[in-house]
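J.: Starting from the structure of chain A, add chain B where the hints point.
Protein chains in written order, with numbering that gives the first Met the number 0: chain A, 0 to 101; chain B, 0 to 163.
None of these hints come from the bench; they were simulated from the model. Be aware that one or more of the hints could be misleading.
As the list claims (entries may be wrong) - Simulated restraints, written as ranges between beta carbons of each label pair:
#: 1; chain 1: B; residue 1: 104; chain 2: A; residue 2: 2; range: 15 to 25 Å
#: 2; chain 1: A; residue 1: 88; chain 2: B; residue 2: 1; range: 52 to 62 Å
#: 3; chain 1: B; residue 1: 46; chain 2: A; residue 2: 89; range: 35 to 45 Å
#: 4; chain 1: A; residue 1: 92; chain 2: B; residue 2: 127; range: 41 to 51 Å
#: 5; chain 1: B; residue 1: 108; chain 2: A; residue 2: 1; range: 20 to 30 Å
#: 6; chain 1: A; residue 1: 1; chain 2: B; residue 2: 157; range: 47 to 57 Å
#: 7; chain 1: B; residue 1: 161; chain 2: A; residue 2: 1; range: 51 to 61 Å
Stated by the list, open to error - Now the stretches of chain A that chain B is said to cover, found in silico as 3 or more residues with beta-carbon under 8 Å:
#: 8; stretch: 1-15
#: 9; stretch: 19-28
#: 10; stretch: 46-56
#: 11; stretch: 60-72
#: 12; stretch: 76-87
Each residue gets a CB set at the ideal place from its N, CA and C atoms; glycine is no exception.
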Amino acid sequence: MEIGLHHFLTVGAILFGLGLFAMITRRNAILVLMGIELILNSANINLVAFSKFGGLGVDGQMITIFVIILAVAEAAVALGIVLNLYNNFETVDVDEANLMKD
Amino acid sequence: MIYYTILFYVFAVLAVATAFYVVFAKNVIHSAFALFGTLFAVAGLFVLLNADFIAITQIMVYVGGILVLMIFGVMLTTKIADIDIHTKNLNRIPAILFSTGITVILIFILFTTKWNIKPQVQNQETVSQIGKLMLTTYLLPFEIASIVLLVALVGSAMYARKTK
Numbered sequence: 000m001e002i003g004l005h006h007f008l009t010v011g012a013i014l015f016g017l018g019l020f021a022m023i024t025r026r027n028a029i030l031v032l033m034g035i036e037l038i039l040n041s042a043n044i045n046l047v048a049f050s051k052f053g054g055l056g057v058d059g060q061m062i063t064i065f066v067i068i069l070a071v072a073e074a075a076v077a078l079g080i081v082l083n084l085y086n087n088f089e090t091v092d093v094d095e096a097n098l099m100k101d
Numbered sequence: 000m001i002y003y004t005i006l007f008y009v010f011a012v013l014a015v016a017t018a019f020y021v022v023f024a025k026n027v028i029h030s031a032f033a034l035f036g037t038l039f040a041v042a043g044l045f046v047l048l049n050a051d052f053i054a055i056t057q058i059m060v061y062v063g064g065i066l067v068l069m070i071f072g073v074m075l076t077t078k079i080a081d082i083d084i085h086t087k088n089l090n091r092i093p094a095i096l097f098s099t100g101i102t103v104i105l106i107f108i109l110f111t112t113k114w115n116i117k118p119q120v121q122n123q124e125t126v127s128q129i130g131k132l133m134l135t136t137y138l139l140p141f142e143i144a145s146i147v148l149l150v151a152l153v154g155s156a157m158y159a160r161k162t163k
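This is chain A alone, in the form it adopts within the complex:
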């Protein structure tokens, strides 16, 4: 069977579902970040697949580059916040950081 657009989009959809699951269930802040990276990767697969099969040229790949750049910036800032959270709360459990709750 010829490998077409659907195959790549299916892989992207499965990675998206797994990333969503990690973001919902995991309480460790770094694992939540890994879920976000999985979701961004699935979006990148979709963009590059449409760039090849949709006749878009390299425009889809340019957007992928900017997604990767923003993922780097997001990961750096989020890990800084996680380290600060650990300094203040002695944990990286995102449910424990509830000082503003009541």
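T.: Chain B alone, transformed into the frame defined by chain A:
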């Protein structure tokens, strides 16, 4: 063409299997190392999609940058010697229902939609095209991205500093 099919299935199965391990592993370090496999397999998929520059960028930035940063984060925020670095999951059943529901809906939509597929040009190298586009059409986003990276660098260094 048969090699293309075999390679696609190898990379796709590798990506999905290691992503499952990332999500379901009990140990945070095991999740981080399984994410290596996922990112490498996605880079392989990018190669199969004629996106050589994106594949190299994926390996250099994600595997060389983000993942090493995450492993640093795991090691800095857990005392590996005394307390366990296992993590717990909450709301398992509703989360499984929700995320599989969304995945099934996505796959259903992408198989029922009539995509406008154009015949693609084979084996065109992309690096020179991306370089030209980055300095002409996408010049403004390129410059803004550099400022975003600088601000993120300074901001995260400031956040991560110990204030006490």
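J.: Now tell me, hint by hint, if it's right for this structure.
T.: Status of the hints after comparison with the structure:
no., hint, in the structure
1, 104(B) to 2(A): 15 to 25 Å, "holds, 23 Å"
2, 88(A) to 1(B): 52 to 62 Å, "holds, 55 Å"
3, 46(B) to 89(A): 35 to 45 Å, "holds, 44 Å"
4, 92(A) to 127(B): 41 to 51 Å, "holds, 48 Å"
5, 108(B) to 1(A): 20 to 30 Å, "holds, 21 Å"
6, 1(A) to 157(B): 47 to 57 Å, "holds, 52 Å"
7, 161(B) to 1(A): 51 to 61 Å, "holds, 57 Å"
8, 1-15, "holds (count 14)"
9, 19-28, "holds (count 8)"
10, 46-56, "holds (count 8)"
11, 60-72, "holds (count 11)"
12, 76-87, "holds (count 9)"
Of the hints listed earlier, there is not a single one the structure fails to meet.
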